[in-house]
Amino acid sequence: MEFVIKGYTLLKLIVILAIIGILLAMPAKIYNDYISRARISNLLSGIGSEKIRVMEDIKKTRKVNDRHNIVIDTSNIEDKSMLVLTPIIINDNVYWGCNRIGLSVWTIGSE
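In numbering that gives the first Met the number 0, the protein residues as written are 0 to 110.
Please note: incorrect hints may appear among the correct ones.
As the list claims (entries may be wrong) - Below, computed lysine to any residue pairings styled on SDA-like, alpha-carbon distance capped at 25 Å: (1) K59 x I89; (2) K58 x N98; (3) K59 x I15; (4) K50 x L82; (5) K28 x I15; (6) K62 x N41; (7) K28 x I100; (8) K28 x T73; (9) K50 x H67; (10) K28 x N98; (11) K28 x R38; (12) K28 x V14; (13) K62 x I89; (14) K28 x N92; (15) K58 x K28; (16) K59 x P86.
For the record, the hints were derived by calculation from the structure and aren't laboratory data.
Kindly produce the complete structure, drawing on both the sequences and the hints.
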């Protein structure tokens, strides 16, 4: 009578554990990005009155300068950075550029 041992080899188990680890790591990254975006969105929604004040001043003076920039501290959200909202006038409309201090990525949106 022969006994045959059936089961997984150590290599198969390591591969399975690696795949499970990768699959579990992806949602965690997505969730962290979602939380950061939600917190920043919450900060941006809270500065509506400041944006209105700046837009009214720009419409009166027809000029944009550094005092119109709005600085938002995001150090409690991620990597100790700050957002700088800069008003831009295009065809008599005020648009807002968003720049993160330390980066040179611009996003332009109107409001």
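Could you work out which of the previously given hints the structure breaks and list their numbers from low to high? 3, 6, 14 and 15
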